[in-house]
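Novice: Chain by chain, the residues run as shown.
There are 2 protein chains.
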Amino acid sequence: MAKEKDFVKEITPQSEDFSRWYIDVITKADLMDYAPVRGCIVFKPDGYELWEACQRELDRRFKETGHRNAYFPLLIPESFFQKEKEHVEGFNPELPWVTQVGDDNLEERLAVRPTSETIFGYMYSQWIQSYRDLPLLINQWANVVRWEKRTLPFLRTSEFLWQEGHTAHATAQEAEEETKRMLEVYTDFCETELAIPVIQGQKTPSEKFPGAVATYSLEAMMKDGRALQAATSHYLGDNFARSFDIQFLDKDNERKFAHTTSWGMTTRIIGALIMVHGDDRGLQLPPRIAPTQVIVIPIGPAKTRERVLTAADAIVHTLKVAGVRVKMDASEDNSPGWKFNEYEMRGIPIRLEIGPRDLDASQVVLVRRDTGAKEATPIENVAQHVQDLLTTIQNSMYETALAFQEGRSQKVESVEALHHVVREEKGFALAGWCGDDICESQIKNETGATSRNIPFSPPATMDTCVVCNQPAKHTVWFARAY
Amino acid sequence: MAKEKDFVKEITPQSEDFSRWYIDVITKADLMDYAPVRGCIVFKPDGYELWEACQRELDRRFKETGHRNAYFPLLIPESFFQKEKEHVEGFNPELPWVTQVGDDNLEERLAVRPTSETIFGYMYSQWIQSYRDLPLLINQWANVVRWEKRTLPFLRTSEFLWQEGHTAHATAQEAEEETKRMLEVYTDFCETELAIPVIQGQKTPSEKFPGAVATYSLEAMMKDGRALQAATSHYLGDNFARSFDIQFLDKDNERKFAHTTSWGMTTRIIGALIMVHGDDRGLQLPPRIAPTQVIVIPIGPAKTRERVLTAADAIVHTLKVAGVRVKMDASEDNSPGWKFNEYEMRGIPIRLEIGPRDLDASQVVLVRRDTGAKEATPIENVAQHVQDLLTTIQNSMYETALAFQEGRSQKVESVEALHHVVREEKGFALAGWCGDDICESQIKNETGATSRNIPFSPPATMDTCVVCNQPAKHTVWFARAY
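Residue numbers (my numbering), protein chains in the order written: chain A, 1 to 482; chain B, 1 to 482.
Hints in this document: simulated from the structure, not taken from any laboratory. There could be a bad hint or two in this list.
Claimed, not checked - Pairs of lysine-lysine residues, derived as DSS-like cross-links and limited to a Cα-Cα distance of at most 27 Å, are as follows:
1) A:K320 - B:K63
2) A:K63 - B:K28
3) B:K63 - B:K180
Computed from a predicted model, the values in this text were never measured in an experiment.
Here chain A stands alone, though its shape is the one from the complex:
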């Protein structure tokens, strides 16, 4: 692919223009390209590889919690959407419709799925007859389309990739437990694999999923202080079960409606990964998710080249055997300095340099992408040392992101203070809220911030509504959001 080797394209500093920085980085790191279809991108191999890594780690967790994958149709008859009123109203403006096949008009329009509650609901009504059929725990990896007005690569695209879990349970309690369980799965994935600290909480009614009883979300802070919703998990009550007639004969011989959930994470998480960890030099990938964890760069003059390469090959082999994802760049087209910049920009966690003087000392040099710290380590223990360093980097990246998030989060007791926090200090504001939509939308209108969620574990509990000063029903995180 065109690597534009002939010139170094500068990355706009984050402090100058965060949006430009983001586009510069994802373009320069070759993660995506704009597609000739409105609001769509092509996930190029280096970008798609990040999604594959996320899929691997999420899929493992879904299977460990008893879910199985399946695949449901892309095209959904219009009548299905009509069955759940809130749902159709929520999605209708964004729905692409297939109306013709070849030269013939279809009798009923088919929507390109924006989400699959309706088609799962229909099939579940066929499959679920008895309490023995429950719980039914299915996940789907799929593409979905929502014709968004404003789009941004990875974060909001007309078509995106995601997984959507859809489960059915005998009781409300079991369904609620499932909803929370999957929020925990997403939390563990974000914090352990992506080194992204997240805030767990419940969406306010105005922000919940169309058709849900309750929507829970994970919110993460990007480096510009904006929030990004990293995952959602919906408790749907028996709303969809009633719309699609998902009934079962219970142990007590009574017919009952099932209780359902749905939960999803999308390719926008790639955007989060970039905006939580990236810096002015480019990407910064946490070791556990990085497709390449170590880049080996042989250095030194031509006369020592063969000797260095032989040693470097052996080290690559040793690291591979130890399970480290390692690559070597031994090309002679580019200087070591060019390579250092290139792989820093691509976010590879560790650079391993090896030259003739290192060989004389039976050592290699390891350079951390996150701190820039350099250290020499004996070749003898290189695999163990690299693995330890990868763990150190992973933990350190998480701690750094957490400190950043906490440092940019504040309690506020007035709309003015909220405005100041989200727009001047560029962070999250914790505020009391009376529960009235009007107060919520006033905040949005005056500050541009939306309610992110009602956190399960707020750092403080606020007594009065930040707008109307009435007693607060909830303590809510507000932020400008992607």
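With the hints as your guide, set chain B onto chain A.
Specialist: Just chain B, lined up with the frame of chain A:
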């Protein structure tokens, strides 16, 4: 999911009605359900799991041969299809068109992709500037839609899942080599993993991909003697490069058109797996692809239950550690006899029975799904013995399928003989062909058989055309096909 435990649904014998047998098996084994969208199915977990296993093994091979995954948009502007004349004519009648979003009409219709040569072609023209950008080797895992007239679960559905590789090369020779290389990859996958013998060859002009210079295919014989095209690999010459202006500056400083290929395998391979190996008792899965390779069934009276379960748990653990995909059914709802039938129907390669008498003798009993052979083996060596037996079964299933295919394949020297072979003896007919479309379509009209491919290694070379008796240009396999 509704397991219909209360009655045993009979499977129609293959000899009575092969099509009914097929539908009975995929329904009873819970692989799929019909979706409420014309010609679409839901891939249920047990069916989707087979696709996941295929994906794992194919993806590994694609990466080993230097390909990377990416993801391109689902919706393709109509104007893109118009750029390659043969291509649009070939696909137009089957294309679903998105014409509206929400309540608004689109300015240009968007096709739901039936295949992605056009959008890859467009992007490749942006990405490829120099010989340094070549070869470009990308694969995509995706859903595609083709509005087929007659549909059959897995084999031919309006929407299906597949992978599509799209590569670009500096020379015709490199592109042709790639086309053949991927045919070899598919061959190795079919024969090694699926135990399906395949016939490699080139499609006749009337059967090639719209827009291709040459299409190569793998053809497999189902148990009813019909052919199924298991994979195709297309050499596209510079046709798409010219339509989409994929040009590069070569080493000699001349601008040249790239040469491209595409190649794909779809979820119809699941149908092949079933129809090559299945029998009147149900599925029969080759060990290497089987999601579960061994089912452990504890037997014996209640008073020995605890002792047997403890031993069975230990064996399951031992097998798992050895890398065997094993499950145990210790439920008390069903009898051992019911379980034997159930897991035979589901095609699990080995049943491991363990009861109190076996324990007294420090042994377990292994039963092969393919031959029904039973043998006792010491618990001490159980993992090694199971692994050996899995290998034996895998090889034996391949040999059985190969013998079946060879036994049903014959040379023919007249259309009558060809008719007899494909309709009465239900097999493949090898015939000479002059190369004229008229003779090819006469065979189709008179016998219902189509040309499958011109094999690379025919068992014999035929001298005269089976229709017109003119000198044969090619020796061709003819068969009725799915």
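Novice: Against each hint, give a clear statement of whether it holds in the structure.
Specialist: Right, here's what the structure says about each hint:
For a cut-off of 27 Å, the pair hint linking K320 of chain A to K63 of chain B stands: about 16 Å separates their Cα positions. The suggested pairing of K63 of chain A with K28 of chain B holds, with an alpha-carbon distance near 24 Å, which does not exceed 27 Å. For the given pair, K63 of chain B sits about 16 Å from K180 of chain B by alpha-carbon distance, which is consistent with the 27 Å threshold.
Hint compliance for this structure: no hint is broken.
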